[in-house]
Amino acid sequence: MKITTLPLDSFNSLEVGARRYFVLQNGAKPVIAPSECPHRGGPLNLGRRAACSAKLVCPWHDNAYPIHSIERNALPAIRRGDHISFVTANEDIRVWTEMLPVNQHKSDCEDEQ
Amino acid sequence: MSSISTLLDHRTSPDPVQHEQAFSQFASHPLFDQPQSFYCDSPYVRPVRPQDLHQLDFDRVLTQSELNQPSHLMGQRLLLNIYEQDLVFLPQQGKLVLPEFNAFYDEELRRAGAMIRPELERHVFGWLDDAVSISGNWDVDTFKAYADEVLDKIAHTPSSLVDNIRNSRDPANAARFFLIQCAGDFLSEASAMARNVLGNFGPAQSELFKILIDEYGYGVPQKKHSVIFESLLTQCGLNPAVHHYWQFYTATSLALTNYFHYVSANHRHLFRYLGALFYTEASLALVTRGQAEAMRIAFGDSVDTLYFDEHAHIDVHHGKMAFEQLIRPVVAQYGKQVLPDIIRGFEEFRLLQDVADAELFAHIAWHDELAGWQPQPLPAQPANAPSHTFHECRDDLSVTHVHGATELFVVDKGTLKLVCSPFTQLDLGAGQHVVIPRGMLHGSVITAEHCSYTVTSLEQAA
Ligand SMILES: [Fe+2]
Ligand SMILES: [Fe+2]
Ligand SMILES: [Fe+2]
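Respectively, the protein sequence lines represent chains A and B.
Residue 113 is where the first sequence ends in the working numbering, and the numbering goes up by one at each step.
Residue 1462 is where the second sequence ends in the working numbering, and the numbering goes up by one at each step.
Worth flagging that the hints you see were computed from the coordinates, not collected in a lab.
Honestly, I wouldn't trust all of these hints.
Said to hold, decoys possible - Rough simulated footprint, nothing fancy, chain A against chain B, three-plus residues with beta-carbon under 8 Å:
(1) 1030 to 1038
(2) 1145 to 1154
(3) 1341 to 1353
Stated by the list, open to error - Far from chain B, some chain A residues (derived; all Cβ distances over 12 Å):
(4) I32
(5) R40
(6) G42
(7) L46
(8) A51
(9) N63
(10) W96
(11) P101
(12) K106
To be verified - Pairs of lysine to aspartate or glutamate, DMTMM-like flavour, derived with a Cα cap of 25 Å:
(13) K2/A with E1149/B
(14) K29/A with E1066/B
(15) K106/A with D1130/B
(16) K106/A with D1304/B
(17) K1223/B with D1129/B
(18) K1144/B with E15/A
(19) K1336/B with D9/A
(20) K2/A with E1100/B
(21) K29/A with D1141/B
(22) K1223/B with E1189/B
(23) K1153/B with D9/A
(24) K1336/B with D1139/B
(25) K1223/B with E1107/B
(26) K2/A with E98/A
(27) K29/A with D1086/B
(28) K1144/B with E98/A
(29) K29/A with D1148/B
(30) K29/A with D1396/B
(31) K1210/B with E1189/B
(32) K1223/B with D1139/B
(33) K1320/B with D1086/B
(34) K1336/B with E71/A
(35) K2/A with D1141/B
(36) K2/A with D1354/B
(37) K1417/B with D1130/B
(38) K1153/B with E71/A
(39) K29/A with D1304/B
We treat Cβ as the ideally placed atom computed from N, Cα and C, and that holds for glycine.
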């Protein structure tokens, strides 16, 4: 296994082996969540928030996933101050030096549930 | 969900008047009020400076950058007094003053302490919620891989304690100041652990009990870790009585002891406790080598480093037991749901240890600076800086404290002794001054019939 530590403000997406992840803010807690929608592989990183930000809606087919269920497949991570460490298998890790598009807009609580 | 936010959610707002009364009742108790000396001869005498209470706000959560503020020191002192009412202390050298004993364990005092405890815990430990967060799909093996990496780094990083003591102007006194920081915890070592061994939680309970037995020396006083530490203190020219140096504990040293009480006094935090226990046992196995070396640098090769050598040995076992016999089986039985709190405890205690080390080293550096003190012309003062003049009489003693801003301390008349550690004391006369950096522990005692001094903030008011 491999531990990687990065400054939180230095990236918002990465690739581990063939899987892509993006940084999803769950309240104060950053989650390194899989970018691929479990339905047809849509870009969850571009999804919008719904249900007071408790859900993420995939832009392709409007499936809404509770953030806590997305987190179940997220990389095991610890944020310590402004750094985050995560554990992966011994696969190649690619971190984009440029911030990739991620939709982090919070939703109003009047949204459709 | 984090425990602090849970506390917040369920915080029953106590009657504010009653609450304030409980604060002043506890803090102003004669045992915690004005002492005769900078050294505490009784295990029940633990001054907290109740006169500062009205300036401090415990109703908010400190941030990590505010740990050098006066309310952090007072909050930690109060908390240790509250937690330690659950422990048994009897003087080992001095006489037992029965009224002090009765007063320390008094029911009314305990009730007042119990009332203010949650607010104090939130005030001094709430920042950890902001500092650390755990996310994603952890299992016990990913946690092990993470912990191994952290511990490996510690094993391969040169000891900063060794560097700080070696490079100090006075390695022996720097080492003594380090030992004083340990004394608050080590002289009643593993007391918080004992809070966790009662009840019924299966085989893990018996594992924890075995660790406790090692800490307590298998019923043989000379093997008890606290007793081994007492003889180290004596050897290094320090007084081994419990809390003799109470006034010289830094706030973040107190935080290390208090954190273990905090997560052990309320068993809702049991899983955080397990993580913190794993970190402390596994890391002590590594850092005690450096601590033994620091003792030899300070006191020569003849110093008996048994206390640290014992831990370099037994904590290899304790670290392994904490992980393999406590954490792994507990996660196997109760599921991954308990892992976030375990990891959080590991990371929180690691952070607290780093913060305490930094505060210790900052104090050693300041003591070194003061050792070279010479009368100097007054530095420039910011325009309309707030200043206060105090008039005191011979032997008036100001219990050690810290200031939230860097201050200029000028003696106007008479003489006094500025006490920054048992080994760093300055005799100052009229016209002499010293700059006291924010967060640096100090007290004073008047050495003339009358003395006045003026304290001016050197930080621009916001
Ligand atoms: Fe020990
Ligand atoms: Fe131990
Ligand atoms: Fe002061």
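Does the claim that I32/A lies off the interface hold, with its Cβ farther than 12 Å from every Cβ of chain B? 6 Å, violated
Verify the proposed pairing of K1223/B with D1129/B, using a straight-line Cα cut of 25 Å. 38 Å, violated
Between the alpha carbons of K1144/B and E15/A, is the straight-line distance 25 Å or under? Judged against 25 Å, a Cα distance of about 23 Å means the pair holds.
When I compare C-beta atoms, does the stretch 1030 to 1038 of chain B have three or more residues closer than 8 Å to chain A? violated (count 0)
Measure nothing beyond the straight line between the CA atoms of K1153/B and D9/A; if it is 25 Å or shorter, mark the hint as holding. Measuring from Cα to Cα gives roughly 24 Å; hence the hint holds.
Within 25 Å, alpha carbon to alpha carbon, are K1144/B and E98/A? 32 Å, violated
Counting residues of the stretch 1341 to 1353 of chain B with a beta carbon closer than 8 Å to any beta carbon of chain A, are there 3 or more? Answer holds; 3 residues pass the 8 Å Cβ test.
Measuring Cβ to Cβ, find out whether P101/A lies farther than 12 Å from everything in chain B. 22 Å, holds
Does D1304/B sit within 25 Å of K106/A, going by the straight-line distance between their CA atoms? The hint is violated at about 61 Å.
What's the verdict on K29/A and D1148/B, does the C-alpha distance respect the 25 Å limit or exceed it? It holds: about 24 Å lies between the C-alpha atoms, which stays within 25 Å.
Pair hint outcome, K1223/B versus E1107/B [Cα-Cα no greater than 25 Å]: 34 Å, violated
Decide if the proposed pair is consistent with the structure: K1153/B and E71/A, CA atoms, cutoff 25 Å inclusive. Outside the cut-off at roughly 28 Å; violated.
The structure does not agree with the numbered hints 1, 4, 16, 17, 19, 20, 25, 27, 28, 30, 32, 33, 37, 38 and 39 stated previously, though it agrees with the rest.
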